[in-house]
Structure formats: structure tokens, C-alpha cells
Amino acid sequence: MTRQIKFIQGNEAIVEGALYAGLDFFAGYPITPSTEIAEHLSVRLPRQGGKFIQMEDEIASMCAIIGASLTGHKVLTATSGPGFSLKQEALGYAVMAEIPCVIVNVQRGGPSTGVPTHVSQGDVMQARWGTHGDHSIVCLTASNHQDVFAMTVEAFNIAETYRTPVVLLFDEVVGHMRERLEVPEEGEIPLVGRLRTAVRAGVDYHPYLPREDGRLPMSDFGDVHRFNVTGLVHDMWGFPSDNPKIVHGLLRHIVDKIENNAGAMARFKTYYLEDAETVLVSYGSSARSALHIVESLRPRGERIGLLELQTLWPFPADVVRQYCEQAHYTVVVEMNMGQVCQMVKHAVTHPERVFLANRIDGVFISPTDIKQILRLIKGRGV
Amino acid sequence: MAVQDYIRERFFPHLWCPGCGHGIVLNGLIRAVEKLGMSRNEIVMVSGIGCSSRISGYVDFHTLHTIHGRALAFATGVKLSQPALNVIVPMGDGDALSIGGNHFIHAARRNIDITAIVMNNRIYGMTGGQYSPLTGPGMLATTAPYTNIDQGFDIVEMAKAAGATFVARTTTYHVQQMADIIREAIMHEGFSVVEIMSQCPTYFGRKNKQGSAVDMMKQMKAMTTPIGSKAKQENPELIERGIFVQLDKPEYCEEYDRIIERARGGK
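For the record, the sequence lines run as chains A and B. If you read the first sequence in the working numbering, its first letter stands for residue 1, the second for the next number, and so on. If you read the second sequence in the working numbering, its first letter stands for residue 383, the second for the next number, and so on.
Source of the hints: derived by calculation from the structure; they are not laboratory data. Wrong hints could be hidden among the right ones.
Here are the simulated distance ranges between beta carbons [to be verified]:
1) B/GLN512 with A/GLY249: 29 to 35 Å
2) A/MET337 with B/PRO395: 52 to 58 Å
3) B/THR525 with A/VAL115: 34 to 40 Å
4) A/ALA198 with B/THR524: 47 to 53 Å
Just so you have them, the derived chain A footprint on chain B, three or more residues with Cβ under 8 Å [what the hints assert, rightly or not]:
5) 422-434
6) 440-449
7) 473-482
8) 629-642
The model shown is predicted, which means the values in this text are computed figures rather than measured ones. Glycine is no exception: its CB is placed at the ideal position from the N, C-alpha and C atoms.
Here chain A stands alone, though its shape is the one from the complex (with noise of 0.2 Å):
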């Protein structure tokens, strides 16, 4: 069988994950550097039977999904960071009525309109407490297309796993560049559908309370069981709810589904990491000038290494703190002001040996870079 290879853009990438997972439903606004994501979405979804909806805006596409997302369909959004600043809201609602979507932001450089056509990973934060209140968030990246796609259709597969909104944070670079994909042959990757209740009509349903194995089946809006969604605390029947152990309860609930199981969601990929005395650990298209750089001081002999991180929310900690433990230097590789090096240092062991290689001007960091901070980082000068 010939496998199906493409030569596409990152944001292409994104769409045949989601198509892959099962994607059915998709609304967004246009926004740079995400809007292909919708212009594909809006050419291959009718053709499969699916909706496209173009929303009068950012706040109604993240709206407009949930909406979807409850009545059994596979759902995204698309955005770049003033977008995602707007959705944040509904995120919140996502987040506590336990809606499983997938939402991409591919980020550009900020505050506000900032730099909109150059590549930043300023998000990382907003990604993570963008919307209000005490919460967890599961947030993934990934460097190359074939990570994309990958990447994409886990987003999907936890989503649903975990009744939780998913954030895809890619960036500029990775949303533009183009480069191969190889599409997966159907059932290469395993994909995690929707879990439906087996109550049946006329016996209680309770929407809010986790089986034993921890997870949530759902109804459909329109099948047999009535029930309410609220972005209020509420019961295990979804209606509201004031009574200060619920409210306890609730907020326990929706924080420990992620967090506890942080290592199981926890995606990485290791470099030369085996004697490495310099760890670079970087994620997103600065990983891959972390990775050339790596790469190229290796065959002289330099003990140097990358971790790439893949899942940044939950912050897999225990991942960063095993494969930094040895290190001489940890250098956090990202274009932003140290959002992932902070919780690096709050990771490992030694906190003073961790270091910073970050570019903030909306130019890609390159391999020249890394190496010029690198020595200075080791006292070798400019």
C-alpha cells in the first residue's frame, strides 16, 4: 500500500490530525498566522459530512464548539494569541462543565497585536492560567509536522479521556514552514472516542459522577437522559450548587483529573541525553535549533544533549527533574521572557544551574544563537 506524503505547512498538519482523530465540527475567526486551519477545515469538513462554521468571533467559535461538543461531536477552534485571549472565558466553562475540545493557538508575538506575522512562544502562561480561577490544563506542542499531526490527534484522545478542553500551542514557525507528513494509515494510531453512559431511559444518569476508573461518560444532548450543564459549581446531576463540599469537591475534581495523572499525559522526546553534561531543554520550533545545534557539537566531542518537551500542562516536573539531575548546565531554549525556564527551576534539583537562551524580537532563534549564549553561559565569551 502507498502511504500517504505530503508536503505541507504546519497549520496543514493540524488539520489532518484533527481530521484523523475524528474531527466533525469545527468553528473559528480569522486570526494570523492560524487562519489556513480554517480555510483548509472550511474546504475538507463538508466533504466528509462535517460542519464549518466561520463565527462572528472569537469568544462564539469557542462558544459555538462547546455547543457542538454536547451534542457527541468531535470539536475545534483555531487562533493565534489575541484570539485565545478572547476565548479564555469559555475555556473556563469548558474547563468546569468538563467539555471535551481541542483548541490551537498558534502563537504569534504579543501583548495585544504585537508583532502578528513573526513567531513568539509568549503563551505558555496564558496557556496555563489564562482563565480565572484555581484550574488544571492540559497544553501540548511539538516541533516537526509528523509531531504535529501526532500531537493533534493525542489532543483529541485526552480530551475526551479526560473530559477536558486540550490546548495546542504550536507557533509561527511551526504553523508556516512546510516540510513532510507522512498520514498514518487509519488504525495506526489508536484514537479514544467519546464515552457514552450505559444507563439506560428512565434510570438516574448522573453526568458529574466519575466512574471508578475516574472518567465521566457522557450523553448526548437529544438522546435519553435530560440533564444541565452550568459554568456554575454544580452536582453530579449538573445543577448548581453552593454547598461548600461540593464546592470543595468540584474544584478537587476538575484539578486532580489532570495533575494526578500528569505522567501518564507527559510527552517528551530525548536527544543524546545519555552522558550529556549540557541539557538543553526546549520545545516547539526552537527545538529544532536546539536539536541542530546539538547535532552539530556532538562530533566535537561535546557532551550536550536535548529534551524536548512535548506536554507542557501538566508541567511534566519529574520527566525535567530525572534528565537534568546530572547535568553541569541546564539551558532552557524558548523565544519568550523564561516562562518554561521558571518552572524548570522550580523542577530540578540544582536551580542554579539553569539557564536561559531566549530570543524576544519575533526572529526565530538559530542555532547561532543558542551556541553564542552557550559560551557565554560556560564563561568562554562572545
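The hints should help you fit chain B onto chain A, whose structure is shown.
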């Protein structure tokens, strides 16, 4: 099915203040649904935030109580993803036309088959009586202590201009007409808007010295008249009630089905 089978009786008495008009709207809505003989499983009620939006908790449908102003956006997702469902969206005047104004005009423009019910009591009740886009100039509110200088919207004119294909107005005084209009609105294929003038004796009434709930309802009787009545010609100040627009135009979900056909190589 009996009327009480459509409600979640365990949540009564409801949370609305004594004399509030919203309970009358709930009554009218249930009677409309009952008369249509609709199954509870085929109705999704989507609401936003505010006094009016709590109506969704009391009905035994699929209910989605969302965030302030965005009910129509959530409802659009529900309807487009599952067009077989009947989607009813009760909103307050602030919810529908201030924070949710953008969604209101665009849902109307799309002509998606959703029934929007605007319970217009001219005030933000849940937060304690602040002025809304329907309060109107010269009125008092907790945030308009020296009288309100904001001009008000005319919901009917706005819905018409935005492209709604069913537009009607009634009041909580006119309960029979209300149930009839809601029934027509639900049956209408396309975006329907029903403005229901409702009384808030607790805030709007008290601030503006309009007396009891009964006084306010009598006032609604006095200030409204059927569309095109002789009374209206004699007194243009009267507010017309009845069905203003009832048009047959392409509905969004049906149009989208044609897009699917086109994408699959059909005509």
C-alpha cells in the same frame, strides 16, 4: 403530556422575586411546548447569565446554562451540529443586547433555526438594578442615580434590521398571546425573536416608582396595543405587540446541507 411534566418540580419555588414577570414567561413557554406536543428529548434550552437565564434550570429539557451574553453562540454550535434538535434561547435584555449584542445580530443574519426569547425588564436584576440598553433615557437605576442618558434599543426594529425571519413582541400581561406567539416562533423555520416585556418590581419598579407588580402589568397593558390598531394611529407613543415579521427564507442548517452536497461533487 401534562404541563408539570415539563418542569423540574424539585427546584420550586423558583428563585425569582415575588412579582417578577419571568415566571409568567416560563408558564407561557411550557404551555407553548405542551400545545405543540413536543418531546422533552428534542428540546435544548440554552441560556446565558442573569435572572432570565435561570429559567433553564426549571425545565426538564436538555439544558445548557452558559456564560453572560453568549447563549446564542453556544446554541449555534448545538443547532448546526445537530439540526434535528429544537433550540430555545431565553435571554435577558442586558444578556441579549448588551454583552450579547454581537451574537444576537449575527444569529439573526444567519437565519439559523433558533428561537430567541428576550425577557425585557429594562434592568440588570441579578446584580441589583443597573441600567441596561433597554432602560431608556430619563429612568433611574443604581448606576444612573441622576437619570439615565443612554438611548434604548428597539428590540423589534433591531431584530428586523439584522435579518430575523420571525419577529414578535408581547408582554407578561398578555399571557394567552404570549403562549401563542412562542408556539409560532418555535414552529418557524429560521431565526425567531420574541420580545416579552416583563416587570421587575424589585429594581426597575422600585427605582422608578412604578408601584407593585400588578401596577406594572396594568401599565404594560396600557402602553401597548395590537399591531396596526386604531389606538396606535391615534397615539403613536403606544408600543405595538403581535407578530411583525414572519418570512420564509433559506435556513442556515439547510443551506449547510447544500454545501455538503456541493463539497461532495454534487450541484
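Here is what the structure says about each hint:
1. B/GLN512 with A/GLY249: 29 to 35 Å: holds, 34 Å
2. A/MET337 with B/PRO395: 52 to 58 Å: The hint (52 to 58 Å, Cβ to Cβ) holds, given that A/MET337 and B/PRO395 are roughly 55 Å apart.
3. B/THR525 with A/VAL115: 34 to 40 Å: At roughly 39 Å between Cβ atoms, A/VAL115 and B/THR525 fall inside 34 to 40 Å, so the hint holds.
4. A/ALA198 with B/THR524: 47 to 53 Å: holds, 51 Å
5. 422-434: holds (count 5)
6. 440-449: It holds, with 8 qualifying residues against the three required.
7. 473-482: violated (count 0)
8. 629-642: holds (count 3)
When the structure is compared with the earlier hints, a violation turns up for hint 7 alone.
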